[in-house]
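Enquirer: Let the hints inform the model, and build the full structure from the sequences given.
Chain by chain, the residues:
Number of protein chains: 2
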Amino acid sequence: MSSIDNSVLIIGSVALDTVETPLGRVERALGGAAVYSSVAASFFSPVRVVGVVGEDFPEEHIAFLMSRGIDTRGIQKVPGGKTFHWAGSYAGDMNQANTLLTELNVFQSFNPDLPVDYKSSKYVFLANIDPELQLKVLDQVPQAELVACDTMNFWISGKRDALLEVLKRVNIVFINDAEARQLTGEVNLTKAATLIHEYGPKYVVVKKGEHGAVMYCDDTICFAAASYPLEEVTDPTGAGDSFAGGFMGYVASTGDLSPDNIRRAVVYGSTLASYNVQDFSLAMFKRLTIDDINQRYNEFRRIVHFDPLG
Amino acid sequence: MSSIDNSVLIIGSVALDTVETPLGRVERALGGAAVYSSVAASFFSPVRVVGVVGEDFPEEHIAFLMSRGIDTRGIQKVPGGKTFHWAGSYAGDMNQANTLLTELNVFQSFNPDLPVDYKSSKYVFLANIDPELQLKVLDQVPQAELVACDTMNFWISGKRDALLEVLKRVNIVFINDAEARQLTGEVNLTKAATLIHEYGPKYVVVKKGEHGAVMYCDDTICFAAASYPLEEVTDPTGAGDSFAGGFMGYVASTGDLSPDNIRRAVVYGSTLASYNVQDFSLAMFKRLTIDDINQRYNEFRRIVHFDPLG
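Taken in sequence, the protein lines are chains A and B. Residue 77 is where the first sequence starts when you use the numbering used here, and the numbers rise one by one after that. Residue 77 is where the second sequence starts when you use the numbering used here, and the numbers rise one by one after that.
Mixed in with the good hints, there may be bad ones.
Derived pair list, reagent style DMTMM-like, types lysine to aspartate or glutamate, alpha-carbon separation capped at 25 Å [claimed, not checked]: (1) B:Lys267 with A:Glu96; (2) B:Lys362 with B:Asp189; (3) A:Lys198 with A:Asp215; (4) B:Lys267 with A:Asp169; (5) A:Lys267 with B:Glu96; (6) B:Lys278 with B:Asp332; (7) B:Lys284 with A:Asp383; (8) A:Lys244 with B:Glu307; (9) B:Lys362 with B:Glu136; (10) B:Lys278 with B:Glu241; (11) B:Lys278 with B:Glu262; (12) A:Lys267 with B:Asp332; (13) B:Lys278 with B:Glu221; (14) A:Lys278 with B:Glu308; (15) B:Lys278 with A:Glu308; (16) A:Lys267 with B:Asp368; (17) A:Lys278 with B:Glu375; (18) B:Lys267 with A:Asp368; (19) A:Lys235 with A:Glu262.
Cβ-to-Cβ under 8 Å is the rule here; a few derived chain A residues that face chain B [what the hints assert, rightly or not]: (20) Val263; (21) Pro305; (22) Phe382.
The set of hints was computed from the structure by calculation and includes no laboratory data. Being a predicted model, the structure only gives us computed values, none of them experimental. Even for Gly, the Cβ is constructed at its ideal location relative to N, Cα and C.
Expert: This is the structure:
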């Protein structure tokens, strides 16, 4: 085994999504938190993905993930099972999904058991999934140096204790503004983030959709990132996962956990999220290059830069 | 008359405000768009204010404005009249005021007639007021080099034609996100701002409350400013006016209309807005110094800075 292991281990949902937005509709398209975040991370680092699918999961999707350098041995295929299926729609400012259907299917009995060579992973992203499963993965990666997690309203209300246990054990949490308020009961985002910081994570990254993202460190805001201004959002599904994946992939590729590099990682996360929403499913990532990504990174910088006092 | 005239001329409401927020209540306190913006601008430049009050307007408020270097000869006092009175409350995330009462009083018959030496003003801010009055002021400042305006939902729906005429004649519009959507019928803010740019203004500054501000120039976003993270907002009244006043005062004080300086002006605007909401009425501005302002400007820079690609 090489002594340098800059792979990112990602666990989360692998899904078939039916999505309708004002700009179109896709049916049973490739989706899921682990898929969006793995593909986003794969622009920077090797990725190991952990998840579960049913027999209906098209082989071409696995082939696509592998073509991105993603190790898919951690995706279990359940004989006779059906893949997790989410159906939702977006309207208006598209900041909020309207969930029409959630068929957990093979996820109901999923027990993540990591391939042995996954267990030395230093960079771990616990994408949105049952926090009890996140804990089971955490128990299998004793050498992890940077662990991040995401979650959602469903687990905040339904599995709060397990989620708080996860938060005790991660370095970074990615959470959206509504979830941060729900988790803490605090309307003020700065207060909410401060409370979440006290639950455990050193870095609390609050995603605010079209309003960008804010990172809190040690009780205070340490970085505010604008969102990239798009004239048209085609499909917001997976934006948060793409953000987290881009962030983790970049950090792993550099091996640099300094605050300055973590800020750069937030911008890369924003960059991946902004590209992802420009098309349905994984379509945009399929045609994206690292040059596109670096160009938008620089564009982000141009947009927020201003001179210090003379 | 000096050849250098870096005063900012401001017209807008001068009011007595009754405001209730989760943190307290003030009754008939000093307020109004022209007051907030004039005091904010006064940290940088001389200010000339145009407005109208009734006999009930306390003399101490005029004395306070004069103590800030604000020329108040443009404030007409109507014998026997009553000052404009607004009553509102805020709850939850405080992004939206709940208007309880609007007594126009002396504003119903106001006809702005500028003192003769106001008419050479180069920097003009048409704060929120009936757009027909904004036009009457514009007609009296033929030497204006930089004109900015603000407005509100009431005029967008009630005096759209006059407002569009104002927009044709200004260089900068300050507008909040909800108003930008209302004015254009566009949900997407980037599209909305592009449309407003086509109505006339070179710079469209969209204020997004706790989410900061975005400036659009020539069909594209040219600057995104974070909002300053406050653990507690005491009273949001006047935040937008303070933003515009800080912006205009800074630009006038430098006489520099370069894009780089306009960006700095947006940050000064955000700085003044963030201070203003930390107390009721003008209380925060009464104890604020230029050192405080410059310190927070630097803090804004620290928060959004990240390295360019190496």
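Enquirer: Going through the numbered hints above, which ones does this structure break? Give me the numbers in ascending order.
Expert: Structure breaks hints 2, 12.
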